[in-house]
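Since the structure of chain A is already known, use the hints to place chain B on it.
Protein sequence lines, in the order shown, are assigned to chains A and B. By the count of this note's numbering, the first sequence reaches residue 603 at its end, each step adding exactly one. By the count of this note's numbering, the second sequence reaches residue 207 at its end, each step adding exactly one.
Calculated from the structure, these hints are not laboratory results. Be careful, since some hints might not be right.
Claimed, not checked - Mimicking EDC-like on lysine to aspartate or glutamate, the simulated pairs with C-alpha atoms at most 20 angstroms apart in a straight line are: (1) B:LYS52 with A:ASP589; (2) A:LYS305 with A:ASP351; (3) A:LYS313 with A:GLU347; (4) A:LYS329 with A:ASP287; (5) A:LYS384 with A:GLU240; (6) A:LYS305 with A:GLU323; (7) B:LYS52 with A:GLU347; (8) A:LYS348 with A:GLU422; (9) B:LYS52 with A:GLU240.
As the structure is a computational prediction, the values presented were derived from the model and not from experiment.
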Amino acid sequence: MFKKVLIANRGEIALRVLRACRALGAEAVVAYSEADRESLPVGLADEAICIGPPDAQRSYLSAPAVISAALVTGCDAIHPGYGFLSEDEGFAEVVVAHGMTFIGPPANVLERFASKAGTRQLLGAHGLPTIPGSEGMLRDDMHALAEAERIGYPVLVKPSAGGGGKGMRMVRTSRELESVLKVCRSEAKAAFGDDSLYLEKWLDENRHVEVQIAVDRYGHGVHLGERDCSVQRRHQKILEEAPTPTLSDAVRADLTERAIRAVVAAGYENVGTLEFLVDRTGNFYFIEINCRIQVEHPVTESLTGVDLVAMQLRIAAGEPLGISQADIRFSGHAIEFRINAEDPAHDFRPGAGIVERYHAPGGPGVRMDSHLFTGYEVPPYYDSLLGKLIVWGPDRETAIARGRVALEELVIDGITTNVDIHQALLASETFLEGRMTTNLLDRVGSAAFLAAAARV
Amino acid sequence: MPDQVPADARRSPDDDERAADHAAIDRLTGELLPALIAKLGRTGLGELEVREGAWRVRLRRPAGPPVGTRERRASDRGGAERSMDRVPERPPRAQHLHPHPEPPATARSDSRSVATSPAVGIYQPRKDLTIGSRVRAGDRLGAVDMLGVAQEVVAPIDGVVGTSLVEPGEAVEYGQELIVVEFGVPMSTNGTGS
Numbered sequence: 148m149f150k151k152v153l154i155a156n157r158g159e160i161a162l163r164v165l166r167a168c169r170a171l172g173a174e175a176v177v178a179y180s181e182a183d184r185e186s187l188p189v190g191l192a193d194e195a196i197c198i199g200p201p202d203a204q205r206s207y208l209s210a211p212a213v214i215s216a217a218l219v220t221g222c223d224a225i226h227p228g229y230g231f232l233s234e235d236e237g238f239a240e241v242v243v244a245h246g247m248t249f250i251g252p253p254a255n256v257l258e259r260f261a262s263k264a265g266t267r268q269l270l271g272a273h274g275l276p277t278i279p280g281s282e283g284m285l286r287d288d289m290h291a292l293a294e295a296e297r298i299g300y301p302v303l304v305k306p307s308a309g310g311g312g313k314g315m316r317m318v319r320t321s322r323e324l325e326s327v328l329k330v331c332r333s334e335a336k337a338a339f340g341d342d343s344l345y346l347e348k349w350l351d352e353n354r355h356v357e358v359q360i361a362v363d364r365y366g367h368g369v370h371l372g373e374r375d376c377s378v379q380r381r382h383q384k385i386l387e388e389a390p391t392p393t394l395s396d397a398v399r400a401d402l403t404e405r406a407i408r409a410v411v412a413a414g415y416e417n418v419g420t421l422e423f424l425v426d427r428t429g430n431f432y433f434i435e436i437n438c439r440i441q442v443e444h445p446v447t448e449s450l451t452g453v454d455l456v457a458m459q460l461r462i463a464a465g466e467p468l469g470i471s472q473a474d475i476r477f478s479g480h481a482i483e484f485r486i487n488a489e490d491p492a493h494d495f496r497p498g499a500g501i502v503e504r505y506h507a508p509g510g511p512g513v514r515m516d517s518h519l520f521t522g523y524e525v526p527p528y529y530d531s532l533l534g535k536l537i538v539w540g541p542d543r544e545t546a547i548a549r550g551r552v553a554l555e556e557l558v559i560d561g562i563t564t565n566v567d568i569h570q571a572l573l574a575s576e577t578f579l580e581g582r583m584t585t586n587l588l589d590r591v592g593s594a595a596f597l598a599a600a601a602r603v
Numbered sequence: 014m015p016d017q018v019p020a021d022a023r024r025s026p027d028d029d030e031r032a033a034d035h036a037a038i039d040r041l042t043g044e045l046l047p048a049l050i051a052k053l054g055r056t057g058l059g060e061l062e063v064r065e066g067a068w069r070v071r072l073r074r075p076a077g078p079p080v081g082t083r084e085r086r087a088s089d090r091g092g093a094e095r096s097m098d099r100v101p102e103r104p105p106r107a108q109h110l111h112p113h114p115e116p117p118a119t120a121r122s123d124s125r126s127v128a129t130s131p132a133v134g135i136y137q138p139r140k141d142l143t144i145g146s147r148v149r150a151g152d153r154l155g156a157v158d159m160l161g162v163a164q165e166v167v168a169p170i171d172g173v174v175g176t177s178l179v180e181p182g183e184a185v186e187y188g189q190e191l192i193v194v195e196f197g198v199p200m201s202t203n204g205t206g207s
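Extracted from the complex, chain A is given alone in its bound form:
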């Protein structure tokens, strides 16, 4: 195991990594920007070192500053947390070139999984279903109609050179398809100078489900079940839970087993997450892989009792997993509420300022991962995550009940938070019945959603 680890991150995840280092007997050095001098991870660290100004480009995102800090403090490993430099293969490479260990997948593994299209192809070849689409580009209208028939309506017409929704149309019938092809071609031509189009199956009521995996250096891997992250706002996750409501045991087993088989075969290493879209009938399609620890990892930790950050450290240190799939037991139900400094009543406007009073909830099955304390000043430079409230219960109903109590008990005075949206979710029929889909909050609108919940 490492003797001294540099934590190149901030906020709740810096605290989380620090705790894991302590539990493994490694010293923790926290690298911080000037804006985080008075933060909890800095105060709790064995050592802390200022690496730059508040601007993340010159501190948390500066590979030379982070590596220099690790060298002058005598660290033998760097944990990047999530975001910032966590999936930067160039950074991982330079860390190793300076004789230290990058706690995460090795640089060559990060590189292999860096491109979304490339990863879909790679893991598709190892047995993961990907979203069905046309074979190559559409040659003409006849070809388009034949391919759409084969894929099955509704389909999405997409330009080859693309982005920003330009030249994209969802069609439900062959007649609609015929009528939009010409428009899409001219839009694509105008926007990208290239009018080639292709088709992708349209999944309108889908869930976002992800599989947590861990693979050691020796190609031994386990999955740690899945998480449902369907509650999103503009593609930002708000609430995550496990197990996924309404997912049958058979589909769950198929999804998780295929996921771990594919990543092991493709040569993945360390802890990671595979994201899928799951449609109403339980068909799942691989979307992308996240080569890092994720914000919502405590959901899985609550169900399995496995310390995922410690597992990252052990794998990076070259230790074998030491457990097999049969050793991973799943118990009960867990829900994570992301507590953000943002105002749901005003289009989730982010906030900053001084926390005048902070009280974390407690009780059985309640975990609060947060860097807040009374008097802490939330800096305006970084993301709005203030902490994560994770509740566990032997079943979903108990977890929800404990969630209600804990959200009620949580006090964060002085900063507007999104706690209201969580309380609205826990009052909504759609959520209580486990029928959340990724488009729900955006479709209904958060304000309408809050108002509806307030009437209940």
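Quick look at chain B alone, frame taken from chain A:
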């Protein structure tokens, strides 16, 4: 730019070799260099070197403008209390948890200012600098080596070099106080500071 070109390729009149050389130059300027420049930009590294066969390409970032030299309170943080050396008591010291742990800004002295570190790395003062040397604002007082790239430490004000708060070759963090510069001190005093 390549600082090494295979000499035999230059000398040879052979068309094939010349064509190969041209192709290599085309590839270098068309693909490799833009990719390397992009990589250098992304990583923020100071220097990048790539070898391929007889070719070697080294990119070095020009030294950036000096940063982090704003004036500071002389009483802000002494050398002995640098946070990279400190081992906090556990649980964290109470002052960490106060909303305004900084002392009130009453100790600001107009007669002295402190040059601070522009980066995290190893500090080296300018060799010819001694206590009492006259400097102007913006003069180089030394450098902090951050992963092989020297970041300049500059004088915050016109004045006379005073006490060094850090030894040469010592590790320093960003913003750390390095050298006191006294303002308006007569040449006759030795300017050792407080």
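Against the structure, the hints:
no., hint, result
1, B:LYS52 with A:ASP589, "violated (37 angstroms)"
2, A:LYS305 with A:ASP351, "holds (16 angstroms)"
3, A:LYS313 with A:GLU347, "holds (15 angstroms)"
4, A:LYS329 with A:ASP287, "holds (10 angstroms)"
5, A:LYS384 with A:GLU240, "violated (30 angstroms)"
6, A:LYS305 with A:GLU323, "holds (15 angstroms)"
7, B:LYS52 with A:GLU347, "violated (33 angstroms)"
8, A:LYS348 with A:GLU422, "holds (17 angstroms)"
9, B:LYS52 with A:GLU240, "holds (12 angstroms)"
Of the numbered hints given earlier, the model fails hints 1, 5 and 7; all others are met.
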